[in-house]
Amino acid sequence: MKQLRIVMVGDVDAGKSTILGRLLVDLGQVTPAKLAELESTSAKRGVAIEYSFLLDAFQLERDQAITLDLSRIWVRLPQRDLVFVDAPGHRELIRNLLSGASEVDAAIMVVAADEGITAQTRKQALFLHWFGFSEITVAINKLDLASDPKRAYETRRAEVEAFLAELGIQARAIVPVAARSGDGIVKAGPLTAWWNGPALLDALTGIPSRVPDPTAELRFVVQDVYRRDGKRFIAGRLDSGTMHVGQRIVFWPLQTSAEVTSIVNWPAQLDAARAGQSVAIELNSRIFVDRGAVASAVGHGPELGRALQATVVWLGATPASEGDSLRLRLGTREIPVTLQKIEHVVDHETLEPRPAETIGAGEVGVVAFVARESIAADAGFEASSLGRFVLMRDGAVVAGGRVDAVIGRAKGEGATNVIAMHSSVTAEERARRNGHRGGVFWLTGLPSAGKSTIAMAVQRMLFERGRHVYVLDGDTLRTGLNIDLGFSEEDRAENVRRTAAVAGVFADAGFAVITALISPNAQDREAARAAYPDGFFEIYISCDLSTAERRDVKGHYKRARAGEMVNFTGVSAPYDIPENPELVVDTVTHDIAESAAALLAFIEERILV
Amino acid sequence: MTRAQLPDDLEALESQSIYILREAFARVEKPAMLWSIGKDSTALLWMVRKAFLGEVPFPLVLLDTGMEFAEVYAFRDRLVREWGLTVVNEACPPESSVDQSLPPAARHAARKSAGLRALLERERYGAVILGIRRDEQAIRAKERIFSPRNSDGSWDPQRQPPELWDYYSTEVPDGAHVRVHPLLHWTERDIWRYTQAEEIPFVPLYLARNGQRYRTLGESNITFPIRSDADTIEKIVAELAATHEPERAGRAMDGESEDAFERLRAGGYM
Ligand SMILES: Nc1nc2c(ncn2[C@@H]2O[C@H](COP(=O)(O)OP(=O)(O)O)[C@@H](O)[C@H]2O)c(=O)[nH]1
Ligand SMILES: [Mg+2]
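As they're listed, the protein sequences go chains A and B.
Numbered by my numbering, the letters in the first sequence go through residues 1 to 609 in order.
Numbered by my numbering, the letters in the second sequence go through residues 1 to 270 in order.
Keep in mind that the hints are not guaranteed to be accurate.
[Said to hold, decoys possible] The calculated lysine-lysine pairs, modelled on BS3-like cross-linking and capped at a C-alpha distance of 27 Å, are:
1) A:LYS2 / A:LYS123
2) A:LYS34 / B:LYS235
3) A:LYS187 / A:LYS34
4) A:LYS44 / A:LYS34
5) B:LYS235 / A:LYS2
6) B:LYS30 / A:LYS231
If you are wondering where the hints come from, they were derived from the structure by calculation, not from laboratory data.
A quick note: this is a predicted structure, and the numbers were derived from the prediction, not measured.
Make a model of the complete structure from these sequences and hints.
Okay, here's the thing in structure tokens:
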């Protein structure tokens, strides 16, 4: 049966490590030799047997009698293993506590009877709440120090109940213990003889392990793309939902879709992947997919937007301020973001929001980020793995976060209300002044198919109508921007990438951009989409090879056939016919005027607001 | 090629390890994996092949002191042949070159850290993938899955980075590297159950002969067998369910002094 992972929280010295040490000893899971060693290391430091040393293995931890970093111990029970994550209670060591809390199913909060709920306990409980723990187990420890253990317990119990109620956390059980003497840990002892409830260990039975949710939305997080024997495999993990062969899935943020043709857990072929499973899949089409993408079922995608509202726990030594440039890691995607606004910080004493200029280490804050690219995310920890993220600065993790809302535009809509917060002029404003939106109209086709001719004709027509329009022609760009590029596969890819980037900038500036490049590689074209994902349209200028060759506007086919030109598309280099272009213009069955009219109508429909 | 489906708990462990391996490969430049040829790193190597569809896409290094058991070398040669592996045999420097203030067996074990340091200096690997587990040893219980090392290879356990969910720290300064521990969350028993379910080959020394077997395989001069009648994997799994003897009891260096293992690890030991 799956193990249950439990994190120990509580202030320094509340007795977390001692409880765990005692648990191991009382369950007979420490050998006599190890016990003897424990006695001698304790004696060496002038203390009676110190059970916490079973966990606190570093010399410094033993010398100072504190826990510095997370430790884990396995407790073997007949039904299942319990894995306890012992976390330091120290204020400065929040990063360790949070790391521990992010890997577990449940939490035990330890409160020392003589101290009660301290500021540090409150703060830790706030983190548990933030992590979405709606239920925790509480141990009231050190009852041996109280003259009346029962009364001491009851006082603390009332305090704990009131506090947890404020946070909206349920106490599964509040158990009286004296860890050093073992009372109430595995079974009742003299100090807890009056207690009718369970011992701490018994209070843990029945807590379910968290498992990836097969009934939740399908989220397949792409880690990498591998090529084996000419086949392409998309490697990743199905974080939630189920996925089966034959299913159509959509990759975000590009929103390209394809059908799953195989699911591999090497060397086995599976019919379906289960939630939580790492697999590699093949698709029925060569759409562009790369690390950072996430797949969903059709019609059940994540939210897509350029801004996030989120609750973060700050861990960096330097506080967070508005305007900070950070890197967001969400799923396997990593993109630059700007911390646009600090809404408030949660005061850990009053648990109330309080206005703040900065978020310091160990503070919880509600913020808004903006990104230059579209982000695919889900709100909340429960929804999917796309609801949690970390922020990086200078290569180090400086915060953990939960997505509260995706701002920018609603699910699956077009480029309508994108908030371009990175610019002082929004796309909206430009569109209003120009009377139309920008967009990239990417023409692809064989040499002599008619790309440049049609592009130039349509540019003229759009210009006459007062539209902002520009043609990026492949041959023209090769005389300047792309002068250093040849026709190898890599150079062609780079040619496409640069042209796409320039097209994206023009489109951002409000232009309808028409590109006229052979762009023979389907993957390169798919990648180009990312330069302006909100309004990129692939247009196939269709013409069969023999017709194109007969036209041979520049005499290139003839030279290629004569071997004077290498890597010539259609003759000595491949051309991938678009599988799902947004528009097909057939120049064999239509003349230039008809083809241009078709493209003009298509563009007008896409750009007019 | 269909095997019976793995039990849920093992499938979850395997999936996480594969996820970690793929993260290491995608995010870190120039990773390498240490293969000690023991049960853990062989199970890990098995998962590497699963993660990368039959390939081992990074160098596989054996830190060789020349003191491994003959059976270990024979097993290495067998798997190299059967799985089509390429193994880098890295000879470790002599004992005279390591910190002489360490206790004797630890000094011997430190040859491996010295060998690793020399290898890293020469090859500049950005990541070293290792099959250690948290349940093996109290110091290892404190490890991160992605654990950055200083440029001299040392570990600074006081300053480990946060490791939230599956967001691992892979950024290291120039000349430093990150240790990647895909098996950290497995137990010894999990490894054997997995080895059995997946039919992964292993060095026969783990099985009992004449009332003795090896629970861990270190160098032949500092590793000792335990008393056991477990001559099949089933029996090993049953034995582990009952025993509370620590796994590494047969490793001389661990018990020499209270801080021996911590000092070894701070100095770059695996
Ligand atoms: N009197 C008394 N002392 C305890 C008890 N439990 C733990 N301690 C002591 O409190 C100190 C701190 O314990 P430790 O487990 O390290 O606390 P942690 O910081 O929460 O892990 C140690 O000296 C323990 O021996 C208890 O039930 N009664
Ligand atoms: Mg502690």
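Requested in this report: State the violated hints by number, sorted upward, taking the hints as numbered earlier in the document.
Outcome: Of the numbered hints given earlier, the structure breaks just one, which is hint 1.
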